[in-house]
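One line per chain: the protein sequences are A and B, in this order.
Count the first sequence with this note's numbering and you get residues 1 to 271, in order.
Count the second sequence with this note's numbering and you get residues 1001 to 1289, in order.
Treat the hints as calculated values from the structure; they're not laboratory data.
As the structure is a computational prediction, the values presented were derived from the model and not from experiment.
Wrong hints could be hidden among the right ones.
What the hints assert, rightly or not - The calculated lysine-lysine pairs, modelled on DSS-like cross-linking and capped at a C-alpha distance of 25 Å, are:
#1 Lys264(A) / Lys1196(B)
#2 Lys1148(B) / Lys1196(B)
#3 Lys1243(B) / Lys1255(B)
#4 Lys264(A) / Lys1114(B)
#5 Lys1255(B) / Lys1033(B)
#6 Lys114(A) / Lys57(A)
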Amino acid sequence: MPHLNPDHAPPRRIVVFGGVYNNHLSLAATLAEAERRGADEIYCLGDMGGFGPRPDKVFPLLQRAGVRCMQGNYDHSIGNRLEDCACGYTDPRDNHFARISYDYTLARTSDANKDWLRALPTGFRHTWNGRQVVMAHGSTRRTNEFLWASTSPDHFLEHLLRDAEADLLLVTHTGIPWSRTLPSGRTVINVGAIGRPANDGNLNVWAVEIDLTTPSDIRHRFLPISYDHAALADEMRDEQLPEEFVATILTGWWTTCLEILPAKERALGRF
Amino acid sequence: MHTHQPAPPTLSFPYLETLWLQVTGTLCNLTCKHCFITCGPNNASHPIMTSEQVTQAVDEAVGFGVREFYFTGGEPFLHPEIEELIAYVLERGPLSILTNGLLIDATRADRLAKLAAASPYSLDLRVSLDGFTADQNDPIRGRGTFEKIIGAVTRCAAAGIPPILTITEVVPATEATLPAFQQLLSNAGITRPRLKFLPPVRLGREARRDRGYQDEERLVDGDLLPDEVFSLACGTGRMVTAKGVYPCPILIEAKDARMSDRLADALTPIQLRHQACYSCHAEGLRCRT
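One chain only, chain A, in its complex shape (with noise of 0.2 Å):
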């Protein structure tokens, strides 16, 4: 069980991704940068499924590379085969596309994958480098809290991370990667997501690699990954996934599920 190892032997260098929404073939790009790097420790802060093709093909990857992995929402409702995906929409054009992406994957995950989702942990706490790094999904009050970039002001930050003893927070859940050094000198990471692109017309998805190779400070730097989109594409259509979700791999454009984005975000996408 690699994501129930305890500390012990520092590692040097860590790569953080979120958001595999079944994508099997970034994910497979996202461990072989990995490795390339030479990481000692790889952490996946949850969201398997949804969106892409065949929800079964992620976990022996995961499982083999000793990944340590995490629930987030979307694992926790899988996991317990909930009816949804709580994801809580209003419009009904977003539950309509959320809909079909739930059942699929609801429907296609195997029951010993939805017990393995189920019994994940939902943080990590490590002390690195003399400094407290914490990995949640959403946030560290809330599994399906949004930490976007426009609706997380300093002073809340400061907040989150002085109640969760944090000096480095990583979080992922939105789908869009950022990072923030607040006046404190403690910094947060939202990793993005390696299932789909970040709604900014490029086709790579994103990652982050810890570097603590200089001691007594904590240096990341976020890792675009390329894989073949198109291969995935294909893959989608064979299982006759919306036509909607196809152009988001090809395009790099959001075109659903847009409302949980704020202003800001969303003037930055194509719809």
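The hints should help you fit chain B onto chain A, whose structure is shown.
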């Protein structure tokens, strides 16, 4: 004889996430027939907040780690210093403004776009419209308002701040409803449509237009779902008006709903004993953007 009502549920208050500000109180330039707090040009039940009252509440909330701000009324753009207040809040966090749009001319739309662009945080305009034709909307919001609202929406979109259309479901939705609203937004030049449908709140004028709550429409202990505290407005939010602090935007005229003078004294669990609480729990009413 005294009859015993079952006890209402108690809702915890885990943290302050959302601060609502009734910036113009119950003062409005419209008298919508479904208004649950009966706002209008002559209703000063909740007066306009002074700018100092607004900034004090904002500062206090920042101290509690609040995440987001909302301006409502009444019509927020009736406030004489509304743009200064918008700028003040946008320096501190994201802001949504619930408006009827009537006071947003082209000049104001441009100034709002500049304020939005100058902030690292989001400014969301929520413009209310209660039908996709004048025949549906105008009997509710007032004669000629449909054209004026569409005009405001078009101006905002042209200025680069496409609003969220907020639609109260006073006209029953059909299969034609959603495409009709989408077409309306598309005609207004909006390529990124945002729609929010809300059930009506059966208080104020709406109770007279349609009906009030029925006796059984109330919450009793045990009704709440495990994580409901995080989706109910009163679970992680508070409303500040010129008269004090209230649990949510709906209850500012409800009997005994006022909680305190200051925010610090209102971050406590409450009982969901008002019949309007039924709308949020049973009909999924969500005031947030």
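Hints, one by one, checked against the model:
1. For the hint pairing lysine 264(A) with lysine 1196(B), the CA-to-CA distance comes to about 18 Å; that is within 25 Å, so the pair holds.
2. Restraint check for lysine 1148(B) and lysine 1196(B): the C-alpha separation of about 19 Å stays at or below 25 Å, so the hint holds.
3. With a CA separation close to 14 Å, the supplied pair lysine 1243(B) and lysine 1255(B) stays within the 25 Å bound.
4. Restraint check for lysine 264(A) and lysine 1114(B): the C-alpha separation of about 13 Å stays at or below 25 Å, so the hint holds.
5. Distance check on the hinted pair: lysine 1255(B) and lysine 1033(B) sit about 21 Å apart at the alpha-carbon level, within 25 Å; holds.
6. Restraint check for lysine 114(A) and lysine 57(A): satisfied, since their Cα atoms lie roughly 13 Å apart, inside the 25 Å limit.
In the structure shown, no violation is registered for any of the earlier numbered hints.
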